[in-house]
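Whole structure, please, built from the sequences with the hints as guidance.
Same order as they appear, the protein sequences are chains A and B. For the first sequence, this note's numbering begins at 892 and goes up steadily by one. For the second sequence, this note's numbering begins at 66 and goes up steadily by one.
It is possible that some hints are incorrect.
What the hints assert, rightly or not - For the chain B half of the interface with chain A, some residues (derived, Cβ under 8 Å), not all of them:
1. PRO130
2. PRO206
3. TYR241
4. TYR347
5. ILE559
6. PRO560
None of these hints come from the bench; they were simulated from the model. Everything numeric in this text was worked out from a predicted model, so none of it was measured. Think of the CB as a built atom: it goes at the ideal place given N, C-alpha and C, for glycine as much as any other residue.
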Amino acid sequence: MGENESNEFNSPGYDIPDELQAQVAVTTLDRIYNWGRRSSVWPMLFGLACCAIEMVCTAASRFDLARFGMEIMRPSPRQTDLMIVSGTVTKKMVPQIVRLYNQMPEPKYVLAMGACASGGGPFKEGYTVVSGVDQFIPVDVYVPGCPPTPQALLHGLIAVQKKVDTESLRQVRWYRKQASEPIPIPLLGPDLIDPRNPPRPQASQPAPVAEQA
Amino acid sequence: MTDKIAVKSAEDVAAAFGEAVQPDSRPGYAGYIVRPERLVAFAQALRDEAGYDFLTSVTGVDYLPEGKMEVVYHTFRTSGGQVLAYKVQVPRDDARVPTLYPIYPGVDLQEREAWDLLGIRFEGHPDLRRVLTWEGFYGHPLRKDWHEPYFEEEGKPFKNRWPDGRVYRIEDKVPYHHNVQFPPDFSIEGWVPEGDAAVYAGLGKVEGGNGDGHGLETDQVVVNLGPQHPSTHGVFRMVVSLDGETITGLKPVMGYLHRNHEKIGERNTYLMNMPFTDRLDYFSSMSNNFGYALAVEKLMGIKPPERAEYIRVMMAELTRLSNHLAAIGFLLNDLGAYFTPVLYALAERELIIDVFEAVSGSRMMCNYFRFGGLARDLPEGTLERVRELVFERLPRSIDELDRYLTDNEIVRVRGIDVGVLTAEKAIAYSAVGPVLRASGVPYDIRKADPYSIYDRLDFDVAVRYNGDVYDRYLVRMDEMRQSVRILQQVVKDIPGGEIQTGKAPYQVRVPAGEAYGRVDGPKGELGYYVVSNGKPNPWRYHVRAPSFINLTALSELCRGNKVADCVVILGSIDIVLGEVDR
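This is how it looks when you write it as structure tokens:
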């Protein structure tokens, strides 16, 4: 390993002899575990709307993602680490998004790209738009913009990398004793039904059709 | 296309129907109002006797004050000329209209959309299901008395925001604190979701098992392609029934990106809608702006100055180039060349959207056009940059793509005679744009019904005659070359001057009436049907989306082909979900 890598890992507190600098690195288990994961985050090829085009442009040759180890964009959730929710989350699509999130193996991260995925965006008032994907799945990084420029998305991806750097093997959720629960899939009825918060029939609930003035 | 040389005019056909067909005499309106029982006969007469062989748009309008629901049909002749509108009026409470499906199969998805969003029942339609929302959705959203969960007021600007500016979170004021609403008597106990039973119902088993007579006992399999799939162009789902690898039936399912563009459009003011049009076909935002600006300028009766017209055409053609580059790249991605052609195409596209960023501030969502002109003039150095692109860089890169891709063995074998759409079928299915021109119909709005300054520019209509995937690819290559030709003329002749007629108002007052403004966008005819009642907000705002209507032909095109071909056929139609679902 070259000089740079050994500096990234080493906090030895003692000197490594010069002749061994190229062969020995002293580091902590957390650091090397995180280094391996953050340098090869594989995003899911999951583009919903306009932000997907900026994601494709970020992966293209001008704003290369490959230099971060992220050029493997697989459409199958079983082979990905990072779900970039790029685009407006509609009620019809939410069951599939939750299903895909459940199918991703741990360790998994979610990046909400754009205003629509973060909080509904310009379409927030719409009747089939969900105000942000974080109403259903946990989000790690939010990237604002409509659409975020490729530079902004790269900044967000570097933020994911930094978040991965702060994790510790003793505390990550996928090595806990109890298995993590999959998120229940929402249902499409008269409107979107979240099984964690189902609608209660209320007599006092105002009727959705407004009175004629 | 009709073989008859002498055709009647629409007025003569209308006169033959007497009382049943009346000219629309409301101020600002045009066309005819037809009685529902004579609709089918009138449409047939228009097609057969007056040569109006292309029905381009079917939409509904809810006239709540008069208690009427109106269905508006726009039609034109493929030989050229303006668009003719005719309408049917039915009572709101019992809105039933005969379907035009037997005459024009292209109304399939549009009538389903009118049923879904407005509750107009089309009698005789083979499969009237919801298309943009889901089965079981409560209500018909575009009706004027149907309010969305986050409803505040009928039209923006909302009184609490302007001029007082008291901000609150709408989630706090809504019963469920989320963007949902339920019927008053709805209870989750004992409720079973409807699911996709209706979608799978039509894809039944073919009688007699496998048709190839090999004596094997095989099964038909139903496969869902999408909405998450590496090669769908967005969240689009195709439900296919397969006999081995051959497709025996296909049903498209859309609505996964339905963002309520039209309902939000009715709440917005006219100018507020301009950035929302960017997000329809998100590859070609300048083109979308163009269509909307044309529609509202028709209502207002204004025209932009010369320099603005030249810059508009320049932006529209640059958009066409950027879109076709991406479309060809993604078509090659579908063919299996994975990402390499995409990288070549996107490298050129980046140079074009650098120009958009210089001019409007944003790479993709430009919001550059205004009613009567443009938002701002070209900054310093932009014209030189465009000149260098158009005369030096782009012709060479188009030739390079051509050299690599056009004679490639795999592209030819997988493209020729795959997904053939004949000219008659293309017209019947209301296919537009490169799909129509690759089938041998040389219809281009820029020549047939010119808008802006296209009648002064010298270019050819790109047309091919085989109607397969390879021809659609070649038509896009040809159109790129013609766009470069147009740009070279525009860059030479662009005049100086101002770029906005009069003073640009913040809130435009549009006189009452209706207008259908259309442009020949990169994907086809993008039309905007705007109905105004004099208020600052539109009464009805409908987008005639080319990608949505081009998909009516998809099941026809894919039947008999292999699964791998259906992905390529979808790529050659070149859809973008922002437009399909709106």
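Evaluated hints:
1. PRO130: violated, 11 Å
2. PRO206: Constraint on PRO206 (chain B) satisfied, holds at 6 Å.
3. TYR241: holds, 7 Å
4. TYR347: This hint holds: TYR347 (chain B) lies near chain A, its Cβ roughly 4 Å from the closest one there, short of 8 Å.
5. ILE559: violated, 28 Å
6. PRO560: Violated. Min distance 33 Å.
Hint compliance for this structure: hints 1, 5, 6 are not met, and every other hint is.
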